[in-house]
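Participant: Chains as they are written, first to last, in the numbering used here: chain A, 1 to 334; chain B, 1 to 342; chain C, 1 to 509.
Check before you lean on any hint, since a few could be wrong.
[To be verified] Reference excerpt, derived from the structure (chain C facing chain A, CB under 8 Å, subset only):
hint : residue
1    : L97
2    : S276
3    : Q477
4    : G478
[As the list claims (entries may be wrong)] Calculated pairs, EDC-like style, for lysine to aspartate or glutamate (alpha carbon to alpha carbon, straight line, at most 16 Å):
hint : chain 1 : residue 1 : chain 2 : residue 2
5    : C       : K29       : C       : E68
6    : C       : K56       : C       : E68
7    : A       : K321      : C       : E177
8    : C       : K333      : B       : E214
9    : C       : K321      : C       : E334
10   : A       : K321      : C       : E147
11   : A       : K321      : C       : D309
12   : B       : K276      : C       : E397
13   : C       : K56       : C       : D167
14   : C       : K310      : A       : E316
Honestly, the hints are just simulated from the structure, not real lab data.
All residues carry an ideal CB built from backbone N, CA and C; glycine is no exception.
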Amino acid sequence: MNKVRSLFKARWMSSLIFLILLFLITGIADPNFLQYDNIISCFNSATMYTLLAIGIAFVIMTGEIDVSIGATMGLAAAVTGLIAQQDGGIPRMLITCILIGVCTGIVNGLGVAGIGVPSLIFTLGTNSVIRGILFLTSGGRTVENFNAPLAGPANQVLFAGVTTYYVIAVILVIIAHFVTSRTRRGKYFIAVGDNPGGANLVGISTFWTKLVAYILCGIFAGIAGFVFASKYGQVMTVAGNGYEMTAIAACVLGGISLSGGLGNMVGAAIGAVIMSSIGRLLVFIGLSSTYNNTITGVMLIIIVVVDALTQRRAIENARRKRLLSRTAEGGAKA
Amino acid sequence: MRTVKKIFARWETFLVLFLVLEFVVFGAANPKFLRTNSIMNALVNYISVCIVSLFVTMVLITGGIDIQAASIIGLTSIIEGVLWSDAGFNIWLAVLCAFAAAALCGALSGFCVAYCGVQPMVMTLGGSFLFSGLALVVSGMSATPAYQGISGFPSKAEDGSFVDFRFLGKGNIAGIPSQIVIYLLLIILCVWILHRTKYGERLYLIGVNQQAAEYSGINTRATIMSTYVLSALSAAVAGTLLTSNVNSAKADLGGGYTLAIITAVVLGGTSNNGGKGSILGTVLASLIICFLRYGLPLCFGVSTQNLDLYVGVILVAVVLGREIAGRRMISGLFRKLRKKTA
Amino acid sequence: MSEAKKALGSSLMTIRGVTKAFGTNSVLKGIDLDIAPGEVLALIGGNGAGKSTLMKIIMGIYTLDEGEIRMDGQPVRLGKPAAALSQGIYLVPQEPLLFPNMTVRENILMGFKEKNSELQKRLENHMRELGFTLNLQRKANTLSIAEQQLVEILRGLMREARMLILDEPTSALTFGEVQSLFRVVRDLKARGISIIYITHRLNEVFEIATDVAIMRDGLITLQGPVEHFTREMLIRGLLPSDAAVEALENRAVSETAVSGKEPVLQVRDLSGYGFSDITFDLYPGEILGIAGVVGAGRTELISTIFGRDKVLKGKVLLEGKDITGLSTKQILKEGINFVPEDRHYHGLFKIRSVASNTTSALLNTKEIGQVDMNRKKQNAIAQKYTDEFRTKIVSLEDLLGSLSGGNQQKVVIARALSTAPKVVILDEPTRGIDAAARADVYKIIHQLKETGVAVLMVSSDIEEVVELADRAITVFQGRINAEFRKNEINQDALTSASFGIVKKGGMAG
Numbered sequence: 001m002n003k004v005r006s007l008f009k010a011r012w013m014s015s016l017i018f019l020i021l022l023f024l025i026t027g028i029a030d031p032n033f034l035q036y037d038n039i040i041s042c043f044n045s046a047t048m049y050t051l052l053a054i055g056i057a058f059v060i061m062t063g064e065i066d067v068s069i070g071a072t073m074g075l076a077a078a079v080t081g082l083i084a085q086q087d088g089g090i091p092r093m094l095i096t097c098i099l100i101g102v103c104t105g106i107v108n109g110l111g112v113a114g115i116g117v118p119s120l121i122f123t124l125g126t127n128s129v130i131r132g133i134l135f136l137t138s139g140g141r142t143v144e145n146f147n148a149p150l151a152g153p154a155n156q157v158l159f160a161g162v163t164t165y166y167v168i169a170v171i172l173v174i175i176a177h178f179v180t181s182r183t184r185r186g187k188y189f190i191a192v193g194d195n196p197g198g199a200n201l202v203g204i205s206t207f208w209t210k211l212v213a214y215i216l217c218g219i220f221a222g223i224a225g226f227v228f229a230s231k232y233g234q235v236m237t238v239a240g241n242g243y244e245m246t247a248i249a250a251c252v253l254g255g256i257s258l259s260g261g262l263g264n265m266v267g268a269a270i271g272a273v274i275m276s277s278i279g280r281l282l283v284f285i286g287l288s289s290t291y292n293n294t295i296t297g298v299m300l301i302i303i304v305v306v307d308a309l310t311q312r313r314a315i316e317n318a319r320r321k322r323l324l325s326r327t328a329e330g331g332a333k334a
Numbered sequence: 001m002r003t004v005k006k007i008f009a010r011w012e013t014f015l016v017l018f019l020v021l022e023f024v025v026f027g028a029a030n031p032k033f034l035r036t037n038s039i040m041n042a043l044v045n046y047i048s049v050c051i052v053s054l055f056v057t058m059v060l061i062t063g064g065i066d067i068q069a070a071s072i073i074g075l076t077s078i079i080e081g082v083l084w085s086d087a088g089f090n091i092w093l094a095v096l097c098a099f100a101a102a103a104l105c106g107a108l109s110g111f112c113v114a115y116c117g118v119q120p121m122v123m124t125l126g127g128s129f130l131f132s133g134l135a136l137v138v139s140g141m142s143a144t145p146a147y148q149g150i151s152g153f154p155s156k157a158e159d160g161s162f163v164d165f166r167f168l169g170k171g172n173i174a175g176i177p178s179q180i181v182i183y184l185l186l187i188i189l190c191v192w193i194l195h196r197t198k199y200g201e202r203l204y205l206i207g208v209n210q211q212a213a214e215y216s217g218i219n220t221r222a223t224i225m226s227t228y229v230l231s232a233l234s235a236a237v238a239g240t241l242l243t244s245n246v247n248s249a250k251a252d253l254g255g256g257y258t259l260a261i262i263t264a265v266v267l268g269g270t271s272n273n274g275g276k277g278s279i280l281g282t283v284l285a286s287l288i289i290c291f292l293r294y295g296l297p298l299c300f301g302v303s304t305q306n307l308d309l310y311v312g313v314i315l316v317a318v319v320l321g322r323e324i325a326g327r328r329m330i331s332g333l334f335r336k337l338r339k340k341t342a
Numbered sequence: 001m002s003e004a005k006k007a008l009g010s011s012l013m014t015i016r017g018v019t020k021a022f023g024t025n026s027v028l029k030g031i032d033l034d035i036a037p038g039e040v041l042a043l044i045g046g047n048g049a050g051k052s053t054l055m056k057i058i059m060g061i062y063t064l065d066e067g068e069i070r071m072d073g074q075p076v077r078l079g080k081p082a083a084a085l086s087q088g089i090y091l092v093p094q095e096p097l098l099f100p101n102m103t104v105r106e107n108i109l110m111g112f113k114e115k116n117s118e119l120q121k122r123l124e125n126h127m128r129e130l131g132f133t134l135n136l137q138r139k140a141n142t143l144s145i146a147e148q149q150l151v152e153i154l155r156g157l158m159r160e161a162r163m164l165i166l167d168e169p170t171s172a173l174t175f176g177e178v179q180s181l182f183r184v185v186r187d188l189k190a191r192g193i194s195i196i197y198i199t200h201r202l203n204e205v206f207e208i209a210t211d212v213a214i215m216r217d218g219l220i221t222l223q224g225p226v227e228h229f230t231r232e233m234l235i236r237g238l239l240p241s242d243a244a245v246e247a248l249e250n251r252a253v254s255e256t257a258v259s260g261k262e263p264v265l266q267v268r269d270l271s272g273y274g275f276s277d278i279t280f281d282l283y284p285g286e287i288l289g290i291a292g293v294v295g296a297g298r299t300e301l302i303s304t305i306f307g308r309d310k311v312l313k314g315k316v317l318l319e320g321k322d323i324t325g326l327s328t329k330q331i332l333k334e335g336i337n338f339v340p341e342d343r344h345y346h347g348l349f350k351i352r353s354v355a356s357n358t359t360s361a362l363l364n365t366k367e368i369g370q371v372d373m374n375r376k377k378q379n380a381i382a383q384k385y386t387d388e389f390r391t392k393i394v395s396l397e398d399l400l401g402s403l404s405g406g407n408q409q410k411v412v413i414a415r416a417l418s419t420a421p422k423v424v425i426l427d428e429p430t431r432g433i434d435a436a437a438r439a440d441v442y443k444i445i446h447q448l449k450e451t452g453v454a455v456l457m458v459s460s461d462i463e464e465v466v467e468l469a470d471r472a473i474t475v476f477q478g479r480i481n482a483e484f485r486k487n488e489i490n491q492d493a494l495t496s497a498s499f500g501i502v503k504k505g506g507m508a509g
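Given only the sequences and the hints, what does the whole structure look like? Please build it.
Facilitator: In structure tokens:
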């Protein structure tokens, strides 16, 4: 029992150990990797994935899924670019990005929590719709030629090689972690995913909780869109395509269960770093980047299979122990 | 009367009406839409989604989901190319090997889902990364640069018609493109498997209630695993046809089809909670999407890059409508029951 | 003592004339009950007596049809759980509803609006007063059932509960855990908190209850301070009225001749999860009843025989052939079939047709086609059973979910018989179905017996065992504690043995 307990306690911790191991293995293959610059840029380049992962983590914690975040991010990025072309200020861009996220979040939340469409199917639909809107707003062209104020902050280093954007992302991770694990209402996300019936019994509304989760998810995707535009300086109509799968994978790597009710934000952030570092690590190990997806897939599969097996064994053992204790008592009396 | 009512209550009827409506509207807007050749061309362009969605339907009927099939399309394509051009295999032997590899991929995911209890969505997400990654690795083994694609497959006979391997993707049988003939054969096969065999019956029973299926003596785990193998094999078929059609083996063929495949299955009326759905529904839904993608640019000048918007709008509208209508039917049923007991 | 309190009119909860019916099935027929502060009321009664319905009404999950409930003499409306909570009523369910992935502290404090530090202080107070030592940082899924119950009790106390309902709290506890639970109950009693204690175990009644009430057929048949009763009096109270007992016992006893026949099923020293050292024989043309209370291990026993769980020790022989540990698929092929207890979870395919459901166990045989599905044969088989069992359907295409409970059960039985088994195992064959369907099911079982099929029937309805069984065994805490021949089977003996008191003809487990 103790073993199981410590295992569950350390879900995000094991992701962190995994990340460190990856770094060390790479370091053994090529000691050059273990330079400060290299490691820090692994983190810096994880900014977008981090934002997307903590956003979708809210939704996954409640036991749902959102595959429209890639499109939301692309839309926000394109709109940011259009504002930049008109010399709009950064506050205006950020507010617009957040509003876009709120809107997509409300639509997804109402469809899933309000009307009860299975979340994968519904967000699959909104994914196409949002990407279509992106196409219409950008006129089907790549949005580029931004003004300097947008590109500037992307490479701005705040301290010790850490970019401003990553610092902001880390602050958001800490806030999100604090909210979901320490505050009364923040815990509702996990509670709803953990045991919807039990949540209802103590007066938690699953509808509102899920709606808020989708809105937060949208907002984070919106902010990620801003970062995308700022970082790459051009936004194609397919921008953000496939990012949703990477974000989901980051959550899974970070120990968040896709059935909901398990995991935390720090784990998601670590998962995001793992996902964005793999390519860089492979270069140092001496494999070409073509191995990127293979390694990701192998890692994901091993983690989810081990996780599923240990969870199932824990449940089965508990059941068997309970049943055995019944007869043990009868035997004692007879 | 009862049967008439029943027909109208069926989802497939709605889909047929929708398809007819499409033809009427598009045909009226631009008569070119109705040209047989163009229609067949449109279908050939979308054939991968059509074929794979047939078998993914079976996965969903057992209560699972498969988002890895699209990545297997590219994997089979590149395996065939590399084995044929770099390893010097006979092309048909290469195809056979690619099918075996695909079956293994499906078996891996199916095993983890059925026997280890991994959620299907997570497992096949991992699978999609792994298999698309493996495709790139295989592609790296070839002397041909990955972006170029391996081409020059055995093709033309002296009279200029397509034979051998390329006949699959380019040939004609009685004036009908061979791809469409294969699709038709697969539809018949799937209808037979799902609606006419004991295996198909098992799939439905497992999807409705896996526990009860176990009590009926059905080996639910092996059956669930087999659906993933089948869907992987269908992806291999699609990959082979695509390779033959474009005369190029590439690792990223079929890359963007994942969501399209799921959309076709779901729009076809298959529930992702399992136990519900039909091949006919999936076929109709994939045709609807296919002709929408063909008709909108042709008749209304919609940009081909922005077709997803309309398909997405339709998907959202349909699932919302179905959910709301379904709920009304259930509340109506309750009202009836209450009246009975009162 | 409690009578004196009641005379003073200091009753905490007063229930008067409460009735409840589901459709035409009346479950509560006028319940009167008083609970005083600090009283521990043991509520006992057979399955289907209406205990859980009454508790759900008190908890506000169901609304009552007639009658009233007063708290402190004031009538209250308990329409929803929140209302009951605000009246200080808290139900500790048999299977606690915790958040498995959250810590104990989070589980207890979830949903409160007050400040955390304040809550923490209150929680610590409660724990100190009760002497609980529970690590608040542990995850709920690592807790034993006993610990989960403590968490639920703490949840109730944090909500200022004045009355706790404990629903069979000891059914999944070990001996030591039971003792510590009793200590908690005594402490709560001393603090003036009332407790309704639902149980199947008579010795517990005498150990901790101050008062006892017996429910039977939707009525409280007996209530009073526990010192006024003996064990035998309680068992008599659990039985139907004397007239009914006489009528049952006067029926002609015709023993089925099994002597000289070889047993079709032999179970030898079988142990598994939830039962141990089970030995019995089952003869062709015989109905063997297995009685006992819920949780005694009967369902675990028969589902293990059917290949659903692991055998730890012992053997199962079918016509002399060892079938221990085979898979369900193989066991079906060998000639055993099963009607599960939980129809909805293990039996039905709700959105499939009657025909599909009836023939679902035949998919591994050639009777409905080789590879292809022969719909004609399938329909013929389904039609045969619906005719034979008088199942009310419009057509064979009807979805099973649209049928009534009784007709659903007939289809599930048809599925079990479709494989022409030598042994049929029935688990609670008439649970939740109406009287007419019940009579039909009894007829089916009798017909089976006449055709030489061996029937193994688990039932918590003692009357059903008396009515049908040729021989009966009772299972108590995972072991067979008594065996009865046809002429020894009566309500009294079976009930006593189910509650662990073997009177006659028994062989001590």
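Participant: Against this structure, judge whether each hint is valid.
Facilitator: Okay, the hints, checked on the actual structure:
no., hint, verdict
1, L97, "holds (4 Å)"
2, S276, "holds (5 Å)"
3, Q477, "holds (3 Å)"
4, G478, "holds (3 Å)"
5, C/K29 with C/E68, "holds (13 Å)"
6, C/K56 with C/E68, "holds (14 Å)"
7, A/K321 with C/E177, "holds (14 Å)"
8, C/K333 with B/E214, "holds (14 Å)"
9, C/K321 with C/E334, "holds (9 Å)"
10, A/K321 with C/E147, "holds (14 Å)"
11, A/K321 with C/D309, "holds (14 Å)"
12, B/K276 with C/E397, "holds (15 Å)"
13, C/K56 with C/D167, "holds (11 Å)"
14, C/K310 with A/E316, "holds (12 Å)"
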